[in-house]
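There are 2 protein chains.
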Amino acid sequence: MTTCREIRLRERPTGAPTLETFELVETPLPTPGDGEVLCRTLWLSLDPYMRGRISAAKGYTRGVEPGEPMVGECVGEIVESRHPKFEPGEFVVGGGGWRSCFALPGTALRKIDPKAAPISTALGILGMPGFTAWVGTMEMAKPKAGETVVLGAATGAVGAVAGQLAKLEGAHVVGIAGGPEKCRWAIDELGFDICLDRREPDLETKLAAACPNGIDVYIELVGGAVTDAVLPLLNTHARIPVIGGIAHYNAEELPPGPDRTPLLMRQILVKRLKLEGMIITDHGARRPFFEARVGALLQSGRLHYKQDVVDGLENAPEAFIGLLEGKNFGKLLVKVAD
Amino acid sequence: MTTCREIRLRERPTGAPTLETFELVETPLPTPGDGEVLCRTLWLSLDPYMRGRISAAKGYTRGVEPGEPMVGECVGEIVESRHPKFEPGEFVVGGGGWRSCFALPGTALRKIDPKAAPISTALGILGMPGFTAWVGTMEMAKPKAGETVVLGAATGAVGAVAGQLAKLEGAHVVGIAGGPEKCRWAIDELGFDICLDRREPDLETKLAAACPNGIDVYIELVGGAVTDAVLPLLNTHARIPVIGGIAHYNAEELPPGPDRTPLLMRQILVKRLKLEGMIITDHGARRPFFEARVGALLQSGRLHYKQDVVDGLENAPEAFIGLLEGKNFGKLLVKVAD
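Listed in order, the protein sequences are those of chains A and B.
When you line the first sequence up against this note's numbering, it's residues -15 to 322, in that order.
When you line the second sequence up against this note's numbering, it's residues -15 to 322, in that order.
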């Protein structure tokens, strides 16, 4: 390894990103400074939140400026270490970005035990998406046995874990996903009670039939038509962790009127709904607990996952564009090197 | 007292209620059954939530059907008691409705000590509105010293108490009210730091200037333009108890587009906002605590209140219509008898 490849934001997208949004650049191999670790990237995680980082609108953290490399979590193998706690050959996870190699301070990396689980799971069920699902489901929504839990993007990296956790609590879990293949997998593999295809007509009617006792928990990951179908079915004291809204990420304009904000506020009041936004970086203190619990459930075979693997860093832009359209099936990962 | 007068819903209003919405009817004096208590009404409370009860839309509790008497809390003097715990001459508060007399089970009444505070306060600062303010402010929003708390309807029965409680916690309290007289009173009497007149232009700019450190707590009582001005100023982790939305109560249609729901959901996510609806009847268990705390603050002169008194049951409809337009100044009460 003598050079590094990275994908940069070429220009901010208007609406959906295109291949023109990004550019692949060859750069010199970085030299790790004191306390830093140089890694070659094995896996890059692609996640919907990245759309927010390349948007001009102010988000919850600094965005990516045109000309800068795309941000993202990676699993890497250590090539050179100037940090006493890390050795070459070890596997780590960290915010390396859309790059074939990265140098980061040792303090920004977590070691992965390749014997505990496949290293790529550190970007999925045992990584940020799994942790997001854990906090949203187990620490915010807290579904009880017999309650009804609904989630969109049900086979995505967060939804699949959230739904399984709710199922383990004894909830009636209704997923909504894009297409019959995803729905079949959600029922057969993840154990959801019902999964509805959002592309089929009459989602509202079908959802009402799937939730005869109303909805107690809605894990908000998508927005749009799914949320519209959920809102009228919410029970008194329903909990709605607001974790994402992928249906709107590429939108340049708000939907046409009327303005339904007063309707939502009235529902919140009348039904005593609880909506709370969540960004996973606020919850670092709970990470060891999550890792222990979900790690054990995974090892005992009580949790399942699916990875959608794209080969080669150069294919990350196309895969990311597809992610925002729901084309992936399972946790989307780029295999950057063997 | 040989007959009783009551005000009934004549027909559901379309938009704002009018005098035609109601009718005054003379009825025979009710005979209290076993365990019941007959009272003559001294005070009737008029509150914004009553608009929801006469609306065709489904609310959180059974509404008033045309031909039925209007619901409402009353302070009464006991005339006849068939309940062992109540004696004629005692004062009670209960849901007597818009009536000059009422018979209710003793279990549905609370006794009032006329020496502790004026009996009419059992409908205001020591009653449902004060309790609503207590739960919303002290148990849900929990403002800390130095935080900024904003509320609309700032001199109303709930807002005036909520703002004073936040002030006692050491918060920077910014009220929004209708007209200069109300604003002056909020600052001079209630001790709010700032009060803005919602009828003046440039509310958004003025609110931004009044909240240099952003907004940590917004007690939602009004909706509409006030909420629009608040949303962009909310800080990360801001808390928003949703208690009312008086700006929309008379609306027959949603406001014109675009549909800003996705914008609100995005703000909830990005800023990790917490919105939670509250209906005071869910919180009965906390009532003794509220009464002890607020009763003591009132007696020590650390809380202030204002009553807007209308004379005569027959004037309740006009007063209620005015309440929905913000015409009252302080807690609106009907003096039904001496």
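Bear in mind the hints are in silico, worked out from the structure with no lab data behind them.
Any given hint might turn out to be false.
A pair counts as met if it fits within one copy or between any two copies, since identical chains are not told apart.
[As the list claims (entries may be wrong)] Using 27 Å as the maximum straight-line C-alpha spacing, the simulated BS3-like pairs for lysine-lysine come out as follows:
hint: 1; residue 1: LYS255; residue 2: LYS42
hint: 2; residue 1: LYS126; residue 2: LYS99
hint: 3; residue 1: LYS290; residue 2: LYS126
hint: 4; residue 1: LYS190; residue 2: LYS99
hint: 5; residue 1: LYS190; residue 2: LYS42
hint: 6; residue 1: LYS151; residue 2: LYS258
hint: 7; residue 1: LYS95; residue 2: LYS151
hint: 8; residue 1: LYS99; residue 2: LYS258
hint: 9; residue 1: LYS126; residue 2: LYS311
hint: 10; residue 1: LYS95; residue 2: LYS255
hint: 11; residue 1: LYS95; residue 2: LYS126
hint: 12; residue 1: LYS255; residue 2: LYS69
hint: 13; residue 1: LYS128; residue 2: LYS319
hint: 14; residue 1: LYS319; residue 2: LYS258
hint: 15; residue 1: LYS319; residue 2: LYS255
hint: 16; residue 1: LYS151; residue 2: LYS69
hint: 17; residue 1: LYS128; residue 2: LYS258
hint: 18; residue 1: LYS128; residue 2: LYS99
hint: 19; residue 1: LYS95; residue 2: LYS290
hint: 20; residue 1: LYS190; residue 2: LYS69
hint: 21; residue 1: LYS319; residue 2: LYS190
hint: 22; residue 1: LYS258; residue 2: LYS126
hint: 23; residue 1: LYS99; residue 2: LYS255
hint: 24; residue 1: LYS190; residue 2: LYS258
The hints, checked one at a time:
In this assembly of identical chains, LYS255 and LYS42 lie within 27 Å of each other by CA distance solely across copies; the values are 11 Å between and 31 Å within a copy. Taking identical chains as interchangeable, the C-alpha atoms of LYS126 and LYS99 are never at most 27 Å apart, the minima being 31 Å within one chain and 46 Å between chains. When the C-alpha separation of LYS290 and LYS126 is checked against a cutoff of 27 Å, the pair qualifies only within one copy, where the shortest distance is 24 Å, while the shortest distance between copies is 42 Å. In this assembly of identical chains, the alpha carbons of LYS190 and LYS99 never lie at most 27 Å apart, being 43 Å within a copy and 60 Å across copies at closest.
In this homomeric assembly, LYS190 and LYS42 come within 27 Å of each other (Cα to Cα) only across copies, at 22 Å, whereas the closest approach inside a single copy is 37 Å. Taking the shortest alpha-carbon separations for LYS151 and LYS258, both the intra-copy value of 21 Å and the inter-copy value of 26 Å come in at or below 27 Å. For the homomeric pair LYS95 and LYS151, neither the shortest alpha-carbon distance inside one copy (30 Å) nor that between copies (48 Å) is at most 27 Å. In the homo-oligomer, the alpha carbons of LYS99 and LYS258 never lie at most 27 Å apart, since the shortest distance is 41 Å inside one protomer and 40 Å across protomers.
In the homo-oligomer, the alpha carbons of LYS126 and LYS311 never lie at most 27 Å apart, since the shortest distance is 30 Å inside one protomer and 44 Å across protomers. In the homo-oligomer, the alpha carbons of LYS95 and LYS255 never lie at most 27 Å apart, since the shortest distance is 45 Å inside one protomer and 30 Å across protomers. Neither within a single protomer nor between protomers do LYS95 and LYS126 lie at most 27 Å apart by alpha-carbon distance, with minima of 30 Å and 39 Å respectively. With identical chains, the CA atoms of LYS255 and LYS69 are never at most 27 Å apart, being 52 Å at best within one copy and 35 Å at best between copies.
With identical chains, the CA atoms of LYS128 and LYS319 are never at most 27 Å apart, being 38 Å at best within one copy and 48 Å at best between copies. Within a single copy, LYS319 and LYS258 get their C-alpha atoms no closer than 39 Å, and across copies no closer than 38 Å, so neither meets the 27 Å cut-off. For a Cα distance limit of 27 Å, the shortest separation of LYS319 from LYS255 qualifies neither inside one copy, at 46 Å, nor across copies, at 33 Å. In this homomeric assembly, LYS151 and LYS69 never come within 27 Å of each other (Cα to Cα): the closest approach is 39 Å inside a single copy and 51 Å across copies.
For the identical chains of this complex, LYS128 and LYS258 are neighbours both inside a copy (16 Å) and across copies (21 Å), given an alpha-carbon limit of 27 Å. In this assembly of identical chains, the alpha carbons of LYS128 and LYS99 never lie at most 27 Å apart, being 34 Å within a copy and 47 Å across copies at closest. Taking identical chains as interchangeable, the C-alpha atoms of LYS95 and LYS290 lie at most 27 Å apart only when both belong to the same chain, with a minimum of 23 Å there against 63 Å between chains. Neither within a single protomer nor between protomers do LYS190 and LYS69 lie at most 27 Å apart by alpha-carbon distance, with minima of 54 Å and 54 Å respectively.
With identical chains, the CA atoms of LYS319 and LYS190 are never at most 27 Å apart, being 38 Å at best within one copy and 53 Å at best between copies. In this assembly of identical chains, LYS258 and LYS126 lie within 27 Å of each other by CA distance both inside one copy and across copies; the values are 12 Å within and 16 Å between. When the C-alpha separation of LYS99 and LYS255 is checked against a cutoff of 27 Å, the pair qualifies neither within a copy, at 48 Å, nor between copies, at 38 Å. Only within a single protomer do LYS190 and LYS258 lie at most 27 Å apart by alpha-carbon distance; the minimum there is 25 Å, versus 30 Å between protomers.
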